[in-house]
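S.K.: If you want the building blocks of each chain, they are given just below.
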Amino acid sequence: MGRFLLRRIGLALVTLWLLSVIVFVACEVMPGDVARSILGPTAAPETVAALNEELGTDRSVAVRYGDWISGVVRGDLGESYAFRRPVDEMIGQALWNSAKLALLAFVLVVPLGILGGVVAALYEGRAADRAISVGGLSVSAIPEFVWAVAAILVFGIWLDVLPVTAQAPPGSGVLTQIEYLLLPALCLVLVLFGYLARMARAGTVEALDADYTRTAVLKGLPRRTVIRRHVLRNALLPTIAVVATQTGYLIGGLVAIELVFNYPGVGRLLVRAADQKDFPLLEGTVLVIGVVYLLATLLADLAYAYLNPRVRFGGAAA
Amino acid sequence: MTTVDDLAPVVVHDSGRESRRERLRVVLRSKTFLAGAVVVGIWIFCAVFGPLVVPHDPYADDILGKLQPPSTEHWFGTDRLGRDVFSRVVVGARDILLVAPLAALLGTVLGTALGLVTGYFRGLTDDVIMRVVDAFLAIPVVVIGLVALTAVGPSRVTVVLVIGIVFTPIIARTVRAAVLAERDLEYVEAARLRNERAPYVLGGEILPNVLGPVLVEFTVRIGYAIFAIATLSFLGFGIQPPAPDWGLQIFENYGLLSAGDWWPTLFPALAIATLVVGVNLIADGLTQAFER
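Keeping their order, the protein sequence lines are chains A and B.
Just add 2 to wherever you are in the first sequence, counting from 1, and you've got the working numbering.
Just add 7 to wherever you are in the second sequence, counting from 1, and you've got the working numbering.
There could be a bad hint or two in this list.
Unchecked claim - Here are the simulated distance ranges between beta carbons: (1) B:Y194 to A:S62: 48 to 54 Å; (2) A:Y67 to B:P76: 36 to 42 Å; (3) A:Y308 to B:E29: 43 to 49 Å; (4) B:I51 to A:R5: 41 to 47 Å; (5) A:Q95 to B:I51: 51 to 57 Å; (6) A:A212 to B:I49: 43 to 49 Å; (7) A:A51 to B:K73: 51 to 57 Å; (8) A:G12 to B:F52: 50 to 56 Å; (9) B:I49 to A:Y67: 47 to 53 Å.
Read the hints as simulated data drawn from the structure, not as lab findings.
Built from N, CA and C at the ideal position, the CB exists for glycine as well.
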C-alpha cells in the first residue's frame, strides 16, 4: 500500500511538472511577444518594448520559466497583470466559491446517477434501460451553457421561482446560498448524469453476470439480498473511479456555467484572465485546475485500492 | 469526459467483408442511428443550401427593427441588431458543421498515428508519450482550448488546429489500447518474421484491424468537438463576429434574457441541442454495431 501510494504521488508530480511546461509554453511562447499580444497590433514599438521590460518578458524563455516555476514551488504564483493583486489570493477565493457549487452538484448527481444506472442494468435491454441510457447520453451531449440559458429561461423568467444569478447576497445563510446555487448546479447535474449512469450500469451488468452472483442465486438467496450484498457492492467500485475523473470535466463545465450565472468562481476568473490576456493569472488558474484534478484522481485511486483487495495487495491495476 | 471512454476501450476483430456487411445491416436497422441521421441530415442540408433558401440576408442589420418577437415576417424574431434570427440559425449550421468535423478529423489522424506508434513500440517512447498525454488530460478540453486560443488568437483555422491537437492524446489512448490487443497476435508476428518494416506492419497490417474503434472514436469526437467549439464560441474565443455561429449568437444575446427577449437566444440553443443529440445518436448506433 505504501509503495503504491508513493508511486502514484510520484507519477502525479511528473504529470504536474509536464503540465506546467505545457501551460507556460501555451501562454508565453506561442504568442511570441507578450506585450504585443496584450497591447494589440497598433501599439507603437517603444510602448511594447517598455511593457515587456516592465513585465520582465524581455528576458529569455528559459529564465522566465525558471523564475516562474521556482515561485510556484514556493506557493507564489506571481502578480496579476490586470488586477495588480497576488494570483494565489485571487484563485483562493474563486476556488472556494467553485467548490461550493461543485459540491452541491456532486451531492445531487451521485445518488441520481447511481440509481439511474442500477435501474437501467436491472432492466437491461428493456424500455426503462433504453430511456435511461439514450436519454442520459443525449442530455449529457448538450453543452452546459445551453442548459444554463434554458434553465434561466424556464425557472428564472417564465416560472420565476429561482434567482438567475448564482451569488447570494453577502452574509446569507447556507439555505439561501443553496437556493441561489440550485440552477447552476442543476445544469452540471444534467451534463454529468449520463456518464455516471452509464458507468454504474456497466458495473452492475457485469456484476449481475458474474459467477458469484449465479452462486448466490442458486443457493437460494432472495433476489433483494443478492442485489444488495453481491451485485451492488461490486458494481459501485468502478463508479467511484468515474466520480473522481468527472472532477476535471466538472471544472470544464464550470467555466461556461459561472459566466452565464455571473458567479465569481475559478471558471469566470479563467475567462476574465483570458479576456485581459493576463498571463500570470491564466497560468496560475490552469495549474491549480490541474492540481485539483490530479488530487481528485489520486484520492479515487486510493479509495479504489482500499476497497479492492486485489489492488491493495499488489495486483495488476497498480 | 475522456477517461470514461478509456475504461471500456472498444476492441474488435474484423473478419473480412462478410462481417462488415453484417455490421452495416445492424447499423441501418438501429432506430437511434436512423433518428440521429435524419436530424444531422437536416442540418447538413441547411449548411449546404442554407444561404440559397433563407428568407433574409443573415448579415443585414436593421437597427429600427431590432428585437422584434417572432412573427410571420420573422419566424424566429430579430436580434439586437435587427438581423433575422431564423436565417442566422439556418446559415449558422455551416460554421460548426465545417469546423467541428475538421477538428475531429485532425485529432483522429494525429491520434491514430500516435496510438499506433506508442502501442506497437512500447518501451521508453511509450512511457514518455503517455506521461505527456496524462498531463494534457489533467486539463479540461475547454480550459486548454481557451488558453491556446488566447495565445494564438481565435479564428476558424486556429480553432480547428487547437481542438484537433487537444483531441490527439485522447484518441491516441483509445487507439493504443486497441493496438496493444493486436500486437501479439499471429498475423503481426508473421509480418515481423517476414522481415517487414515497422511502418508497413503498422499501416498495412495493424491499422486495418483497428479501423473499427477508430471510426467509432471519430464519430464520438465530432460530438465532443461540437460541444467544445460551441462552448468556446460562447466564451468569445471561438468563431468570431459577425458570423452567424450558434454559440456566438447565444453569447451576443443571452444578456437580454432577463429583459424578456428570449428568441435570439433560445433558437440557436435549440439548434445546438438538436445537432449534438443527433451526432450522439449516430455514434451510439455505430458503437452498438461494433461491440456485437
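S.K.: None of the hints should be skipped; say for each whether it holds.
M.R.: Against the structure, the hints come out as follows:
Separation of Y194 of chain B from S62 of chain A is about 51 Å and conforms to the stated range, judged on CB atoms against 48 to 54 Å. Range check, Y67 of chain A to P76 of chain B: Cβ separation about 55 Å, and the 36 to 42 Å hint is violated. The hinted range of 43 to 49 Å is satisfied by Y308 of chain A and E29 of chain B, whose Cβ atoms lie roughly 45 Å apart. Evaluation of the 41 to 47 Å hint for I51 of chain B and R5 of chain A yields a failure: the beta carbon distance comes to about 54 Å.
The hinted range of 51 to 57 Å is not satisfied by Q95 of chain A and I51 of chain B, whose Cβ atoms lie roughly 46 Å apart. Separation of A212 of chain A from I49 of chain B is about 44 Å and conforms to the stated range, judged on CB atoms against 43 to 49 Å. Look at A51 of chain A against K73 of chain B: about 44 Å separates their beta carbons, and that is not inside 51 to 57 Å. About 54 Å separates the C-beta atoms of G12 of chain A and F52 of chain B, a value consistent with the hinted range of 50 to 56 Å.
Between I49 of chain B and Y67 of chain A the CB atoms are about 50 Å apart, so this pair conforms to the stated range of 47 to 53 Å.
In summary, the structure is inconsistent with hints 2, 4, 5 and 7 from the numbered list given earlier, while agreeing with the others.
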